[in-house]
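Asks: Add chain B to chain A, keeping to what the hints say.
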Amino acid sequence: MFDLLATWLTRDVMGLDMASHAGSAVHFFIQDVTKIFVLLVVVIYVMGLLRAILSPERVRDYVRGKPKWLSRVLAIMLGAVTPFCSCSSVPLFIGFVEAGIPLGVTFSFLIASPMINEVAVVILASVLGWKLALLYVAAGLLVAFVGGVVMEWFKPARWVEEYVWKIEMGEATRLEADTSLQGRHRYALGEVREIVGRIWKWVVAGVAVGALFHGFVPQAWVVEHLGGEDNWWAVPGAVLLGVPLYSNATGVIPVAEAMLGKGVAIGTTLAFMMSIAALSLPEMLILRKVIKWPALALYAAVLAVAFTLVGWGFNLLS
Amino acid sequence: MKTIKVLGSGCANCKTTAKIIEEVAAEKGVAVKVEKVEDIAAIMGYGVMSTPGVVIDEKVVHAGGVPDRKAVEGWLSA
Numbered sequence: 001m002f003d004l005l006a007t008w009l010t011r012d013v014m015g016l017d018m019a020s021h022a023g024s025a026v027h028f029f030i031q032d033v034t035k036i037f038v039l040l041v042v043v044i045y046v047m048g049l050l051r052a053i054l055s056p057e058r059v060r061d062y063v064r065g066k067p068k069w070l071s072r073v074l075a076i077m078l079g080a081v082t083p084f085c086s087c088s089s090v091p092l093f094i095g096f097v098e099a100g101i102p103l104g105v106t107f108s109f110l111i112a113s114p115m116i117n118e119v120a121v122v123i124l125a126s127v128l129g130w131k132l133a134l135l136y137v138a139a140g141l142l143v144a145f146v147g148g149v150v151m152e153w154f155k156p157a158r159w160v161e162e163y164v165w166k167i168e169m170g171e172a173t174r175l176e177a178d179t180s181l182q183g184r185h186r187y188a189l190g191e192v193r194e195i196v197g198r199i200w201k202w203v204v205a206g207v208a209v210g211a212l213f214h215g216f217v218p219q220a221w222v223v224e225h226l227g228g229e230d231n232w233w234a235v236p237g238a239v240l241l242g243v244p245l246y247s248n249a250t251g252v253i254p255v256a257e258a259m260l261g262k263g264v265a266i267g268t269t270l271a272f273m274m275s276i277a278a279l280s281l282p283e284m285l286i287l288r289k290v291i292k293w294p295a296l297a298l299y300a301a302v303l304a305v306a307f308t309l310v311g312w313g314f315n316l317l318s
Numbered sequence: 319m320k321t322i323k324v325l326g327s328g329c330a331n332c333k334t335t336a337k338i339i340e341e342v343a344a345e346k347g348v349a350v351k352v353e354k355v356e357d358i359a360a361i362m363g364y365g366v367m368s369t370p371g372v373v374i375d376e377k378v379v380h381a382g383g384v385p386d387r388k389a390v391e392g393w394l395s396a
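The listed protein sequences derive, respectively, from chains A and B.
So the first sequence is numbered by the numbering used here: it starts at 1 and just counts up by one.
So the second sequence is numbered by the numbering used here: it starts at 319 and just counts up by one.
With the rest of the complex left out, here is chain A (with noise of 0.2 angstroms):
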């Protein structure tokens, strides 16, 4: 449906050429945006309708005091399902110690966050398949898993800033919500509103930045030079362009798509999507509020390891 709506935007109205450059990153934009927009105002409005998105108080409820394992089993899980705006990593990470989870858990949850969200997920795989929807999840929360484990080994509550240990929470007081059809039609169109204002200009640079891979890069020299094992180098390449570069987990979907598409071997693609969408400088400066500088250069480095080796693991896999 898609499809023929962008072939028809592209080839009638615009008179493109579908076989020129120009024509086939217009018709990869227009139909990229259209599917992704409807798919995420579907997704966020059927989501909101449920009240299937967590609040980070129900989070920490549900973490803390729980064995170590558990606790960091569930952090991942409840991260993976959280879309978290990355403002609400400071409250979120002082309320994690206040309530005595341990900071390695706490990391993991940092981790899976941004990387994985429901929404996410369904886009990615309508859009590329469950199989790879599914590889990146497993490799998301391997990655949070081990990440938070490794951070640990370093014993980062000396890096947690002096006044974080001071605060004291107040007890959280339950909302109640709105559990008539009509509340919680009005909670989804404003879980709507606000996460689709939020995020659609990393889906809109995504998709611009797709379409023009798409359009004007040689499927011959992507495939000499980024598929495949024999670029070993392709995989910490990727990670490391990923790193000073940030999208959200839903804009890196068509970024990867045309990758994909043009041959960049799978491990390539998938180490490529986590650094954008883990890694991030204004996430970076918003966490150096809580911790110091050596914690966040060894959270960047784990996470920059990590996402190297799944890539090289994935290529060799596959």
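Treat the hints as calculated values from the structure; they're not laboratory data.
The reader is advised that the hints may include incorrect statements.
Unchecked claim - Straight-line distance between alpha carbons at most 25 angstroms, and here's what the computed DMTMM-like set of lysine to aspartate or glutamate pairs gives:
1) A:Lys-292 with B:Glu-356
2) B:Lys-320 with B:Asp-375
3) B:Lys-333 with A:Asp-3
4) A:Lys-166 with A:Glu-283
5) A:Lys-289 with B:Glu-356
6) A:Lys-166 with B:Glu-376
7) B:Lys-377 with A:Glu-171
8) A:Lys-289 with B:Asp-357
9) B:Lys-354 with A:Asp-12
10) B:Lys-320 with A:Glu-171
11) A:Lys-166 with B:Glu-356
12) B:Lys-333 with A:Glu-194
13) B:Lys-337 with A:Glu-194
14) A:Lys-166 with B:Asp-357
15) A:Lys-35 with A:Asp-12
16) A:Lys-292 with A:Glu-152
17) B:Lys-354 with A:Glu-283
18) A:Lys-68 with A:Glu-168
19) A:Lys-289 with A:Glu-118
20) B:Lys-377 with A:Glu-98
21) A:Lys-201 with B:Asp-386
22) B:Lys-333 with B:Asp-386
23) A:Lys-292 with B:Asp-357
24) B:Lys-377 with B:Glu-353
25) A:Lys-262 with A:Asp-61
26) B:Lys-337 with A:Glu-161
27) A:Lys-289 with A:Asp-61
Replies: Leaving out everything else, chain B in the frame of chain A:
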């Protein structure tokens, strides 16, 4: 006169929230004093982790996102 506090560390959503409350209050002719609470320790003191949060007469009525206009009308008429 109700004292309303908007909890949030200065993000765009927090400003929107304060604005909505002021607008609704003006429409309904309710006298309010809207205060922004940006200190993280104070915010956490209310047990709120997801901002923006709204506190009316020291009671948390909302957390995590810009509140719905209808909800704001409800708080102000109560």
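Asks: Compare the structure with each hint and give your call.
Replies: We went through each hint and held it up to the structure:
The straight-line distance between the Cα atoms of A:Lys-292 and B:Glu-356 is roughly 21 angstroms, inside the 25 angstroms bound, and the hint therefore holds. Between B:Lys-320 and B:Asp-375, the direct Cα distance comes to roughly 6 angstroms. Compliance with the 25 angstroms bound is thereby established for this hinted pair. Simply put, B:Lys-333 and A:Asp-3 have alpha-carbon atoms about 40 angstroms apart, too far for the 25 angstroms limit, and the pair is violated. Only pairs whose Cα atoms come within 25 angstroms are accepted, and A:Lys-166 paired with A:Glu-283 is accepted, the gap being roughly 23 angstroms.
Only pairs whose Cα atoms come within 25 angstroms are accepted, and A:Lys-289 paired with B:Glu-356 is accepted, the gap being roughly 14 angstroms. Our distance criterion of 25 angstroms between C-alpha atoms is met by A:Lys-166 and B:Glu-376, whose separation comes to about 22 angstroms. About 11 angstroms separates the Cα atoms of B:Lys-377 and A:Glu-171, which keeps this hinted pair within 25 angstroms; it holds. About 12 angstroms separates the Cα atoms of A:Lys-289 and B:Asp-357, which keeps this hinted pair within 25 angstroms; it holds.
Distance hint between B:Lys-354 and A:Asp-12 is unfulfilled; the C-alpha atoms sit about 53 angstroms from each other, more than 25 angstroms. Under the criterion of a C-alpha separation no larger than 25 angstroms, the hint pairing B:Lys-320 with A:Glu-171 is consistent with the structure, at around 22 angstroms. Taking the CA atoms of A:Lys-166 and B:Glu-356, the gap is about 17 angstroms. The hint holds against a cut of 25 angstroms. The hinted pair formed by B:Lys-333 and A:Glu-194 meets the criterion: a straight-line CA distance of about 14 angstroms does not exceed 25 angstroms.
Of the supplied pair hints, the one linking B:Lys-337 and A:Glu-194 holds, its CA atoms being roughly 16 angstroms apart against a limit of 25 angstroms. Distance check on the hinted pair: A:Lys-166 and B:Asp-357 sit about 14 angstroms apart at the alpha-carbon level, within 25 angstroms; holds. Distance restraint check for A:Lys-35 and A:Asp-12: the Cα-Cα separation of roughly 20 angstroms lies within the 25 angstroms cut-off, and the hinted pair is therefore satisfied. Straight-line distance between C-alpha atoms of A:Lys-292 and A:Glu-152 comes to about 15 angstroms, which keeps the hinted pair within the 25 angstroms bound.
A C-alpha spacing of about 23 angstroms is found between B:Lys-354 and A:Glu-283, which places the hinted pair at or below 25 angstroms, so the restraint holds. Among the hinted pairs, A:Lys-68 with A:Glu-168 is consistent with the structure: their alpha-carbon atoms are about 23 angstroms apart, no more than 25 angstroms. About 28 angstroms separates the Cα atoms of A:Lys-289 and A:Glu-118, which puts this hinted pair outside 25 angstroms; it is violated. The suggested pairing of B:Lys-377 with A:Glu-98 holds, with an alpha-carbon distance near 21 angstroms, which does not exceed 25 angstroms.
Between A:Lys-201 and B:Asp-386 the alpha-carbon distance is near 23 angstroms, which keeps this suggested pair within the 25 angstroms criterion. Using a Cα cut-off of 25 angstroms, the hinted pair B:Lys-333 and B:Asp-386 holds, with the two alpha carbons roughly 14 angstroms apart. A hinted pair counts as satisfied when its Cα atoms are at most 25 angstroms apart, and A:Lys-292 with B:Asp-357 qualifies at roughly 19 angstroms. For a cut-off of 25 angstroms, the pair hint linking B:Lys-377 to B:Glu-353 stands: about 14 angstroms separates their Cα positions.
A hinted pair counts as satisfied when its Cα atoms are at most 25 angstroms apart, and A:Lys-262 with A:Asp-61 does not qualify at roughly 45 angstroms. Pair hint B:Lys-337 plus A:Glu-161 does not hold up; C-alpha atoms about 33 angstroms apart against a cutoff of 25 angstroms. Distance hint between A:Lys-289 and A:Asp-61 is fulfilled; the C-alpha atoms sit about 23 angstroms from each other, no more than 25 angstroms.
Hint compliance for this structure: hints 3, 9, 19, 25, 26 are not met, and every other hint is.
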